[in-house]
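Enquirer: In order, the protein sequences belong to chains A, B and C.
When the count follows this note's numbering, it moves up by one through the first sequence with no breaks and lands on 540 for the last residue.
When the count follows this note's numbering, it moves up by one through the second sequence with no breaks and lands on 218 for the last residue.
When the count follows this note's numbering, it moves up by one through the third sequence with no breaks and lands on 118 for the last residue.
Worth flagging that the hints you see were computed from the coordinates, not collected in a lab.
Each residue gets a CB set at the ideal place from its N, CA and C atoms; glycine is no exception.
Do not take every clue at face value.
Said to hold, decoys possible - Rough simulated footprint, nothing fancy, chain B against chain C, three-plus residues with beta-carbon under 8 Å:
#1 17-25
#2 30-42
#3 46-57
#4 64-70
#5 77-88
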Amino acid sequence: MATAGENLDTRVHYLNANYGIKSWLLTTDHKRIAILYLASITLFFLVGGIAAVLIRLHLIEPNGAIFEPGTYNKLFSMHGIIMVFFFMIPSIPAVFGNFLIPMMIGARDLAFPKLNLLSWYVFILGGFLTLYAVIGGGVDTGWTFYTPLSTTYVNTNVLSAALGVFVSGFSSILTGLNFVVTIHKMRAPGMTWFRMPLFLWAMYATSIIQILGTPVVAITLVLVAVERLFHVGIFDPAVGGDPILFQHLFWFYSHPAVYIMILPSMGVVSELIACFAKKRIFGYSFVAFSSVAIAVVSFLVWGHHMFVSGQSIYAGIIFSALSFLVAIPSAIKVFNWTATLYKGSISYQAPMLYALGFIGLFTMGGLTGLFLATLATDTHLHDTYFVVGHFHYIMVGGAVMGYLGALHFWWPKITGRLYPDGWARLAAAIIFIGFNLTFFPQYMVGYLGMPRRYAIYPPKFQVLNVMSSAGASILAVGYAIPLVYLIWSMRYGPVAGPNPWGAKGLEWETPSPPPTENFEQTPVVTEEAYAYGAKEVEVG
Amino acid sequence: MADSHAASALAHQFEDLDQQHEAASLGMWVFLATEVMFFGGLFAGYAIYRNLYLPGFAAGSHMLNVTIGALNTAVLICSSLTMALAVRAAQMGKRNLLVTFLMLTIALGLAFVIIKLTLEWRHDYVEGLAPGLNFLYAQLDAKSVELFFCFYFMMTGVHALHMVVGVGVLGVLLVQAWKGRFGPQRYNAVETAGLYWHFVDIVWIFLFPLLYLIGGRY
Amino acid sequence: MQAHVVPKKTYFIVFGLLLAMTALTTGMAYVDLGQWNTVVALVIACCKATLVVLFFMHLRWSPRLMRVVLLSALLWLAILISLTTTDFFSRDWTPIPEGWESSQLCLPSLPGNLLHRR
Numbered sequence: 001m002a003t004a005g006e007n008l009d010t011r012v013h014y015l016n017a018n019y020g021i022k023s024w025l026l027t028t029d030h031k032r033i034a035i036l037y038l039a040s041i042t043l044f045f046l047v048g049g050i051a052a053v054l055i056r057l058h059l060i061e062p063n064g065a066i067f068e069p070g071t072y073n074k075l076f077s078m079h080g081i082i083m084v085f086f087f088m089i090p091s092i093p094a095v096f097g098n099f100l101i102p103m104m105i106g107a108r109d110l111a112f113p114k115l116n117l118l119s120w121y122v123f124i125l126g127g128f129l130t131l132y133a134v135i136g137g138g139v140d141t142g143w144t145f146y147t148p149l150s151t152t153y154v155n156t157n158v159l160s161a162a163l164g165v166f167v168s169g170f171s172s173i174l175t176g177l178n179f180v181v182t183i184h185k186m187r188a189p190g191m192t193w194f195r196m197p198l199f200l201w202a203m204y205a206t207s208i209i210q211i212l213g214t215p216v217v218a219i220t221l222v223l224v225a226v227e228r229l230f231h232v233g234i235f236d237p238a239v240g241g242d243p244i245l246f247q248h249l250f251w252f253y254s255h256p257a258v259y260i261m262i263l264p265s266m267g268v269v270s271e272l273i274a275c276f277a278k279k280r281i282f283g284y285s286f287v288a289f290s291s292v293a294i295a296v297v298s299f300l301v302w303g304h305h306m307f308v309s310g311q312s313i314y315a316g317i318i319f320s321a322l323s324f325l326v327a328i329p330s331a332i333k334v335f336n337w338t339a340t341l342y343k344g345s346i347s348y349q350a351p352m353l354y355a356l357g358f359i360g361l362f363t364m365g366g367l368t369g370l371f372l373a374t375l376a377t378d379t380h381l382h383d384t385y386f387v388v389g390h391f392h393y394i395m396v397g398g399a400v401m402g403y404l405g406a407l408h409f410w411w412p413k414i415t416g417r418l419y420p421d422g423w424a425r426l427a428a429a430i431i432f433i434g435f436n437l438t439f440f441p442q443y444m445v446g447y448l449g450m451p452r453r454y455a456i457y458p459p460k461f462q463v464l465n466v467m468s469s470a471g472a473s474i475l476a477v478g479y480a481i482p483l484v485y486l487i488w489s490m491r492y493g494p495v496a497g498p499n500p501w502g503a504k505g506l507e508w509e510t511p512s513p514p515p516t517e518n519f520e521q522t523p524v525v526t527e528e529a530y531a532y533g534a535k536e537v538e539v540g
Numbered sequence: 001m002a003d004s005h006a007a008s009a010l011a012h013q014f015e016d017l018d019q020q021h022e023a024a025s026l027g028m029w030v031f032l033a034t035e036v037m038f039f040g041g042l043f044a045g046y047a048i049y050r051n052l053y054l055p056g057f058a059a060g061s062h063m064l065n066v067t068i069g070a071l072n073t074a075v076l077i078c079s080s081l082t083m084a085l086a087v088r089a090a091q092m093g094k095r096n097l098l099v100t101f102l103m104l105t106i107a108l109g110l111a112f113v114i115i116k117l118t119l120e121w122r123h124d125y126v127e128g129l130a131p132g133l134n135f136l137y138a139q140l141d142a143k144s145v146e147l148f149f150c151f152y153f154m155m156t157g158v159h160a161l162h163m164v165v166g167v168g169v170l171g172v173l174l175v176q177a178w179k180g181r182f183g184p185q186r187y188n189a190v191e192t193a194g195l196y197w198h199f200v201d202i203v204w205i206f207l208f209p210l211l212y213l214i215g216g217r218y
Numbered sequence: 001m002q003a004h005v006v007p008k009k010t011y012f013i014v015f016g017l018l019l020a021m022t023a024l025t026t027g028m029a030y031v032d033l034g035q036w037n038t039v040v041a042l043v044i045a046c047c048k049a050t051l052v053v054l055f056f057m058h059l060r061w062s063p064r065l066m067r068v069v070l071l072s073a074l075l076w077l078a079i080l081i082s083l084t085t086t087d088f089f090s091r092d093w094t095p096i097p098e099g100w101e102s103s104q105l106c107l108p109s110l111p112g113n114l115l116h117r118r
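For reference, chain A alone in the conformation it holds in the complex (with noise of 0.2 Å):
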């Protein structure tokens, strides 16, 4: 590959800005934050990667292979709280919305660089607890800590894995601020909101929902806190209290939690096809309003996750209508995606291939939800394997596909080095076989009854057990493979340029990597999002 002709030694840019321990872990560079957040995530996503790996390994057996069930119980609940709170919440955002956001409006940083450092110090000491909880014996209440498990009849670690989860919510709630902020008061002159690319669109949108769900988690898990400390009686029903009140708390968030997990990946998607199809994306409006629409409507349907829990039925049948409705923005997406692909100019580097796998396999895991989102169905579908595949469809289908791709895609410019793309495309392949052979076969075993959250299971359901363990041994292999090229590209990667692959955007504007300052000037906007096919300029 030819270098970009740049010594990458004696130019100044933020990575060689300031050397030292002190440097990165005192930066309010969001760039360098943004490292800190890659880093950090990565680490958890191993950890979390780990007790995946012990739960397909232990259902190959219809009795259970390997562990206990209260032992079982603990993998599956750290493997949740640790994928979703420790990295799925802060993935795309806090890397690529930080690193990206001032970059993408032209501006010097974001609006609140300090509050920044400490969000990321914030999740980190979340971290340490939720590790802590693990380490000191696990928790088994799954994420969902429902009540009155969690608060009267389990001894495990709930308090220090509530606690954990309860700062980390801070840190996603100082990030979302400071991207709100930042969009509405720091955009270069010339970039209107209609102009802004539309991964801003999903960054604002996504931080909505982190502003006004995070906090009600928060105090209900104060609430269950509070209630295993003192033994009072909030949500025990022996006392007056109801279970109920604290799923209908606790879902406001995590519903919309989970469009936080998607929406950032729907942003990169929108970007990537855009580039990769070097045409601009088709019903720009549609796509920007339909991620502030999926924000909105996705706080009126957290009821869908409980329709057999008690809740009344009247109240399911309305939930179930408001989570129809919120399938329809996701859809506009899907389809103004596919549009924007007809007659375009289509190269199928990594990046790319990331993009498509998101589309397939996120219309895949949303057509499962209609399936949840019916009462009827849901009857039979609700805490099967199939609400399992349903999830990891979107989750790792699709976020962390949109999570790749955006690793893929923007690496050159964070890092200022290529990857080899042979062995990216290769990665990606095996990650796209590996992923449906995982979770196929879950919606298939959760459709003919096997529960979740069990540790054993009726022998009539081994094969297809045992086919998702093969998926995830590939998957595995899939998620090992860039970690190895990446890293390696950081030292002996060719020099990228600052714009290898001839995209649209600020960011793509300034040096690979880019100077810690972002812009020499401060850009002026005169052209409309994805301008391709106009005059390409040589970027230098």
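Add chains B and C to chain A, keeping to what the hints say.
Expert: Quick look at chains B and C alone, frame taken from chain A:
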């Protein structure tokens, strides 16, 4: 002199002081939105249980001292006035006035917390109305009364915690104000702290009738 | 930077109104209005809050965006409370079958747990 003061007041990520001021205000309002939802979870739980167990909640409410509650409400309203006047003093560059009003606000905030701790909570604990620690009420509606007191202590407790944090922040600002750090070009910190303080006051404005005046006192 | 300085008089008038309304809401509690007591108390509280927001928190002179932020938060709180209430409100619209305690589906409750103090 004013220019160098202004130049150092501008953080590097902003283009001008106006943008910085607007960003600071918007940031605090967004944070207050998160606080609305944080307290909101408690208000939601309270609303549900109050509807389910109104007699018990009323019985519990009657055991609270309305006079002290009303007094504390007045204390907080005074502190909001002094806070607003403090912001005004900062805007006008009047250092001594700013310091005075910040001290008054802190004093009133501390008064609120001390009244709450000594005259109310301690009294409730001694009387056997503290769930989980010392709850001795044993009549027929004991369970719903206990639920009421759970919410009473949670809501006033979380509120008091916010007050203490507010007092701490104001203390820091007091030191900075005394050193002459604030002026017409540089008062964002005082104004945003003021927004937070007024919000905490507003929460109490709702807590007072919802906790102390359930079912009337006739 | 243009600072909007509010006249002291405005603050003192608002202060007086707030104290007066506190006295009012306390006094109204001693008047028997049945279930309207709650409504009156909440209305007064909303008035007080509005005064604090508009004048002490300067929302009257702030950009529209801040108003949107505040109203959104209140709307979201309303969503939380109202949709949750629909559940509790409509629970007994579905009648519970007679004699459910003795049905075969109802197992005796499992004994003991490690934390429950009762």
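Enquirer: Evaluate each hint against the coordinates.
Expert: Results for each hint:
no., hint, result
1, 17-25, "holds (count 5)"
2, 30-42, "holds (count 8)"
3, 46-57, "holds (count 7)"
4, 64-70, "holds (count 4)"
5, 77-88, "holds (count 6)"
Violated hints: none; the structure is consistent with every hint.
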